[in-house]
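> Please work from the sequences and hints to get the whole structure.
Chains as they are written, first to last, in the UniProt record's numbering: chain A, 1 to 453; chain B, 1 to 453.
There may be inaccurate statements among the hints.
Claimed, not checked - No more than 25 Å apart at the CA atoms, straight line, and that leaves these computed lysine-lysine pairs for DSS-like:
id : chain 1 : residue 1 : chain 2 : residue 2
1  : B       : Lys380    : B       : Lys330
2  : A       : Lys283    : B       : Lys380
3  : B       : Lys400    : A       : Lys332
4  : A       : Lys453    : B       : Lys453
5  : B       : Lys224    : B       : Lys54
6  : A       : Lys453    : A       : Lys402
7  : B       : Lys235    : B       : Lys210
8  : A       : Lys330    : B       : Lys332
9  : B       : Lys82     : A       : Lys92
10 : A       : Lys383    : B       : Lys29
11 : A       : Lys400    : A       : Lys426
12 : B       : Lys330    : A       : Lys406
13 : A       : Lys92     : B       : Lys3
14 : B       : Lys330    : A       : Lys403
In short, the hints are calculated from the structure, not lab data.
Since the model is a prediction, treat every value here as computed from it, not as a measurement.
Protein chains: 2
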Amino acid sequence: MSKAGIPKGTRDFGPVEMGRRNYIFDQIKEVFRLHGFSQIETPAMERTDVLLGKYGEEGDRLIFKIMPRGRKLNQLKTELEKDQTAEVAANKTAEEALRYDLTVPFARFVVQHQNDISFPFKRYQIQPVWRADKPQKGRYREFYQCDVDCIGSDSLLNEIELINIMQEVYERLNLPDVTIKLNNRKILAGIAEAIGEKDNMMEITIALDKLDKMPVEKVNEELKNRGISEEAIEKLQPIMNLSGSNEQKMDTIADVLADSEIGQKGVEEMTFMLGQADAMGYKNIDFEVTLARGLNYYTGAIFEVTHPDFPSSITGGGRYDDLTGVFGAKEKLSGVGISFGADRIYDLMLQKELFPESVENVTDILFVNFGDNEAAQVLKWMKQLREAGIKTELYPDTAKMKKQMKFANDKNVRFVGMVGEDELNKQEITLKNMKTGEQESLTVEAICEKLGK
Amino acid sequence: MSKAGIPKGTRDFGPVEMGRRNYIFDQIKEVFRLHGFSQIETPAMERTDVLLGKYGEEGDRLIFKIMPRGRKLNQLKTELEKDQTAEVAANKTAEEALRYDLTVPFARFVVQHQNDISFPFKRYQIQPVWRADKPQKGRYREFYQCDVDCIGSDSLLNEIELINIMQEVYERLNLPDVTIKLNNRKILAGIAEAIGEKDNMMEITIALDKLDKMPVEKVNEELKNRGISEEAIEKLQPIMNLSGSNEQKMDTIADVLADSEIGQKGVEEMTFMLGQADAMGYKNIDFEVTLARGLNYYTGAIFEVTHPDFPSSITGGGRYDDLTGVFGAKEKLSGVGISFGADRIYDLMLQKELFPESVENVTDILFVNFGDNEAAQVLKWMKQLREAGIKTELYPDTAKMKKQMKFANDKNVRFVGMVGEDELNKQEITLKNMKTGEQESLTVEAICEKLGK
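So this is what it looks like as structure tokens:
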């Protein structure tokens, strides 16, 4: 006999969790749609050659590959016998693998369908991804990503649109205390140039990215270890200790970058974005020159959203220059996108008790079952109630009242409906509010009026 | 360089397909919810031992297994070297596999969480499943299933609820011409008993199931080949040629089954269901004694929905006695459920042009980009429009008018908004209806009034 259990690092979602998750996804999707983004979905499995080599060596290892079948399985046997690691043999023969993120499948989608797409292409995609990471608290082997990108336009208005999206999503989710952090990769490049370490932009960026996790001294040490000169590190200090309003910080940076062409371009872009955000009345925008994010394919704006009550970022993204080159796209397609961390938002909202009660209310009215006669009438009334948008069900068995009421309680229904002989005669329903305990006798029409959508 | 392509038998869904698919799923989900069903989701990967042995030998072969990693991969190598088929070795070492349907994961879920569930448990689940079948027209390796089940109650009211659900889903999808076919496994068992072939119920059922695909003579031949006596086949003929109204058919059947206890029970259940459906005013219910459906775990009611313009059934299901026994559940849990064939419904609706136009409308108003000054004003107005539920976007680049209008056309937007110098002065928007070509000048408030939700 099989034992009931699920693979390590995966989760079941029951009714209550699903109610909450759907609430988050519905709010996010609605904001995406209001901005003219449209949804796509790609298969869970991609061709192994599409995924391998896109996420570094570590990524390649963490991609779930599909076991070959039939003749291919025998080929795996042959490969395993050769003088190579088992991993190489497996990667050679596995034809399919589970997607590791939504970015590579999106790039593949754009190239494959480029002749049918009108650019700029604004898409969102909300699907699970799989990573064979060691599971730990908050890290799963299956989790949802929630990506929104505009590809095929260099305009900074796309960046502004994403700021609006972040703002509106977190307003809707009742999380107005978020901070939207902004930076620009061109500013980072300018800094490297200005301190005389032009070729070490990546090294400096990676170190700067750690400033929120370790003290300045440690980061300086790391910079030194990464081969940055003492003189350059010295020049970097005002930037590492930048403070004041966004304007004040921009002024300091603009001075430092006066002689760097790319740096000036970055300052110009950032100034435009901060100005637009200001014009929209947003007060929670933070220019953070230390923001770099791990991914090294960003080329312009960089975004990150944080919340004071949560240890890690809950949204992030940026602009990239050439998403599709790796699949041989006709021309370079620049784009900009962000990704909402649904699991983290879930944890944060749960912790702050921000889910509306209605999210967990599956049923509006549960009717007690008093027998076949009463049930026949109730079934007809239920149809009327559903037509008014009221979620309703009849307890299927003629169990004891106590059992039926316990069920109603456990299921967290809003009202219990009772139709016995009296009610049949009066053609009314006794409606009990499960929260207040109040009872009243109403016609089905009155209930439609009272509770209908 | 990788070539952009997807695995055999899988599909991408672009914006238009997603609009249509979401429409179908949203209607179905809404009906499920109105009946008090709640959603669950299970991981894409199940433990291999949970899936193997549940779908027969053929099923085991078609389950996608996950390639083992690390030490387990070396174990696969060792197993492959042993004197056994490669498949046996693969099944032994693969720890995870992709779900093959939603029924086994649901059974596993119920057993695993039985202490947290209040029964009867009404759940729906809409997720993809994977099968390594040979792909062909209409058959994919990844496709969505859309299941709704009530488990833990023997009451026939659950069957009635499912009939209501089928009825309401197809009303909403504008497919009122469907036929809901009903049968009962107990009637089939009764027939086998009545014709003196009690032990051959499965053989007879499998043959009867083919009556809609082949002529009576062929089925008779098959029955003979399956070892059914000539006498029994003779006795079966009135049932194979049953006609008339549901009542007339039930009368004939009740006569034939007069001496079979299980047959009488089936007649009683069917009479109840037909009576309830009649009381609800449903005209499209068909009692079909030849309906058996392939799956042999049904024990009571059997459902199938067909449409005159579609070759195969678009919904099906039935009652089962013991879903969870295989996972060692404490007690037998009887349930009843149906599954909507979303891909087939999609094809049928497309063929009959039943998708509302709005489904493919991603954007209500696309604003032409006339430059930074105008854009600054438009961005503010767009926020107001979104707050009124209007989907709106600004073309991100100051491209030529012709290019922007072509984009609006390709994206199938409802209106184009124009804000140039004139409009800035008047503080109005020129709104062009893309279908009629009509233009009018309106304030943002007037547009909110006109198009807002």
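> A separate judgement is required for each hint: does it hold in the structure or not?
Now for the hints, and whether the structure bears them out:
{"no.": "1", "hint": "Lys380(B) / Lys330(B)", "result": "61 Å, violated"}
{"no.": "2", "hint": "Lys283(A) / Lys380(B)", "result": "16 Å, holds"}
{"no.": "3", "hint": "Lys400(B) / Lys332(A)", "result": "21 Å, holds"}
{"no.": "4", "hint": "Lys453(A) / Lys453(B)", "result": "14 Å, holds"}
{"no.": "5", "hint": "Lys224(B) / Lys54(B)", "result": "30 Å, violated"}
{"no.": "6", "hint": "Lys453(A) / Lys402(A)", "result": "31 Å, violated"}
{"no.": "7", "hint": "Lys235(B) / Lys210(B)", "result": "18 Å, holds"}
{"no.": "8", "hint": "Lys330(A) / Lys332(B)", "result": "61 Å, violated"}
{"no.": "9", "hint": "Lys82(B) / Lys92(A)", "result": "22 Å, holds"}
{"no.": "10", "hint": "Lys383(A) / Lys29(B)", "result": "16 Å, holds"}
{"no.": "11", "hint": "Lys400(A) / Lys426(A)", "result": "24 Å, holds"}
{"no.": "12", "hint": "Lys330(B) / Lys406(A)", "result": "21 Å, holds"}
{"no.": "13", "hint": "Lys92(A) / Lys3(B)", "result": "16 Å, holds"}
{"no.": "14", "hint": "Lys330(B) / Lys403(A)", "result": "20 Å, holds"}
In this structure, the earlier hints numbered 1, 5, 6 and 8 are contradicted, and the remaining ones agree with it.
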